[in-house]
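> Chains as they are written, first to last, in our numbering: chain C, 1 to 448; chain S, 1 to 588.
These are computed hints drawn from the structure, not numbers from a lab.
Beta carbons are placed, not taken as given, at the ideal position from N, Cα and C, and that holds for glycine.
Looking from chain S toward chain C, a few residues come up when the C-beta cut is under 10 Å (computed):
(1) D169
(2) E172
(3) S175
(4) N180
From the derived model, a few chain C residues whose C-beta atoms are all more than 12 Å from chain S:
(5) H24
(6) Q193
(7) N228
(8) N412
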Amino acid sequence: MAEKILEIQEVDYSYRADRTAHEHLALQHISFAIHPGEIVAFLGPSGCGKSTLMRIACGLLNPYRGQVLWRDKVVSGPLMEVGVVFQQFALYPWLTISQNIEQVLIPRGLNPAQRKQRVSEVITLIGLDGFEEAYPRELSGGMKQRVSIARALAIHPELLLLDEPFSQVDALTAETLRTEVVNLWRDRERYPQSIIFVSHDIHEVVSMASRIMVMGDKPGHIQKVIDNPLAYPRDPRSTSFQMMVEKLHDIITGLYLPEEQAPTIATIVSSWSGAFSMVPLPLVEVRDVIGILEAVSARGGNVPLFRLNDEIDTTFTSILLATKGAELLGFLTTPEDHLIMTDIGKEFMLASKKMQKQIFKNRFVQLNLFKRLKDMLERSPEGRFPRQIFLEELAIHCPLEDPKKLFRILINWGKYAELWSYQAAISSVVLVGREPVPVLDLEEEANP
Amino acid sequence: MPTMFERIQTNYPDSSQFLNKSKMFFMDVFVLLLLSAFLYSLLILARQWSAPLDAKVEIDLSLWALPQYAFLSFLRGMTAFAISLAFTMVYGYIAAYRPKADRVLIPVLDILQSIPVIGFLPSALLALVSLFPSKTVGLELASILMIFTGQVWGMTFSFYQSLKTIPRDYLEMSSMYRFNFWQRFIRLELPSSAMALTWNSMMGMAGGWFFLMICESFTLGRNDFRLPGLGAYMTVAVAQNNFPAIIGGLSVMMALVVLINFGVWSPLLVWAQKFKMEEGGSPVLPSTFFSNVLQKSRLWNFILVKIAQPIDEYLSSVDKVQDATQPSQPSWFKSYGKYFWKYGGYGLLVYVAGASVWFSIKLAQMLSHLSSALWLDILQSTLWTFLRVSAATILASLWTIPLGIWIGSNVKRTERFQPLVQILASFPAPMLYPLMIMLMQKMGMHLNLASILMMMMGTQWYLLFNLIAGASIVPSEFREVGKAYGFSRMQRWKLIWIPAIFPSLVTGLVTSAGGSWNASIVTEYVSLGSESYSVQGLGSMITTSAANGNFDLLAAGVIVMALTVVFINRTLWGPLYKLAETKFTRTL
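Isolated chain C, as found in the complex (with noise of 0.2 Å):
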């Protein structure tokens, strides 16, 4: 693909007037092309200048350093050939919905009559028939984010560009939509040509980019390009989507918390059982772990695992369970079927019950999913989350698992070690320290 419609090189951006020191600028040593046929995502953590990207690849603004160029030529000003999607619609609310689309055709210089029948055309594309003459405080937020597409394909764009599309919408709204622009997309007869999109959503990047660049913050800059070859139409139960999701999961808690691999689960326990190898938490409660434990330690510290299935009275899953949970922790080795208390286990079974919480919570803190969730509660303006969406992060993270199970015991594990609890009425996840008033707040109520 040596075509580049867009090409993007060594862009600086600074929204500060003293543009020359370093840690004022917004975005740093941007370089990028867009081929013809590409869909091509942007995603990064809030504040990280995707959309001041964005604004710039459209050209309405122009960087502090570098140059666009669309086709070979500089861009000065705001491209002709380009529809922008804006976040939140950008509908005026005194237009109907058909003049609202209309408005982006004057400036092209189409007549009255073709206006209308590209108006009629992208309403019918789009499927807003019988929508025309509605206002857009009359629709839904879907609705909305349809007419705002329907209005950049008005104008035939070569590109297509969308700043965090689908956010305003509902979980199943924005599915419907990314499907529809992906279709569109993959009508080569039809503009666009290819499309550009900016995301904080792996889901939603896995499920449309066909290329997919991370970006970093402070300042912001791309930080790792990732091909998505998956065929479309994908399927998002697919064993292979989730394992791109996965992945890009793991590259993206690798940037962000380069620290080192917390201890993987060991090979002699995933032989026995092919489907724990996925397991991050096994499902286990801690009083089994400490079970476990006190058995190893009043067989020496070293017993075979068979011996031990033997002389206690509970299934061997459990035991499994439960060994995996204190060899994720480090309080147990196990090389060749043999359990072998550690210095850190001794340690702990030595330990006061409060200082056994201590070591428990030095070494929980270590976990991968801890910090990533630990991570979540903490960029959250409250330190909590709702369960829901805890939910759908363990579910892209372990598909195996019974997200549910799973939670139940991440929040006993939490517990057990004062880092988070459960508040069932606000049915939410709180960081210790962090809990709400638990009286009737009522700015939180105005607040939805």
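Since the structure of chain C is provided, determine the placement of chain S on it from the hints.
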């Protein structure tokens, strides 16, 4: 979509045919009448303006003369309003879009709005009369200019604010899709500001009427100027202590205010609802008599479709869009426009700075003639007026806060009382002052108290207005919480009402206190018949010095008043505004 009409027609094709035609005819006649009235008024205006200059027109105090005078005053008000609108657009646009322009233009606006109308009088009058020495037009323009200074500032502020608060997405959308100046103005900027601009236009009109008596008849030293109009009529009636004429003038003024309110502002306010920014709410507009007439008039539709739309079409598509990838070849207008803005701007700045320095020196020379005893007098007067304004503001708050909340907290009550308050606010209170003086004489009231009461009569409506508006948008959940948890009356006030209306309270207080300062020129010095009543104060000092042609003292008084108002705005209202914006804001 079929119009109401077509629907009726399809349902009852035979019976409604005649009805439709006759109705349509009636609507056309109505629109035609409006048009001819407009043309006629232009004619009158031209005739009036080209009449030879006669500084002191004899005012006919017979009641039959009133409609004609009312019409002339109405024309002046409307002309001033048209100028205000044009000024607002240009000034607001430059302040909002020229980089850094608002740092200068907004404080200037702040100062201008605190100058009482008499402050503009000498310069406006002398300049314009000397420009047209033999015709009335100079005098007319001076009068219009003074009405303009009563109308314009609030409108300009609101337009600037509206432009500044257009959502970023809306702006980006218009530049991404390459709207030209006209398209952006008509489709984005004007609609965005429609609501606030209509509202402030109404308030502006009221502000213009407030000083109508001064604007149409003024004494400057030995010269007595008078223009045929309702304001001059009232002045003469008051001067002759002609009670029937005073009542007649008041009634006609009231009729005029009511007519404008129901004929212009009410329909406009309803229409402006269409441009509300908020999402949600009913998109169906309540129809008014006026909108019905227009919608059904063929003539109006003809004007719309055959004249307005083609003009819009032409203006929207003129200035063809250029390829963004070409090093854009700017049209000569644009490239020179750029230079014009850049160097013209600098030039203007230098000119204004130079002129200000020059005038400051002149002014300083002028003021240096004033003795220190006189300065002491000015300061004392300022203190007196300050006390009166404070008293008026506090007294006004005491009754408007409970009443405003009471009215605003209930939709039905708001609908019932809002138009009444609107009319009360639009009625120029100074016309009532003679009656107030008569009452004062009867009751043996002290003039100090009367002056405070007169101030209140003029400016408390702004407060009430804002309070009603503020209370009517308090979310009902707030009140329900109070009910659900059985808050006591005290608690409800402290926890719900005061915080909820705080922003509107501050806005209302600023407007009404500022208005009171301006009004002091007519409340501290009132004449009735051959007698005049005055109390010591900055207002009475300004009024008497203008009447005596004592320009040094006039200038000093006006400057001190403007500075005082600006100072109070900065030190007292500024922080309260901040508080309202941060702590008590309701935008979530």
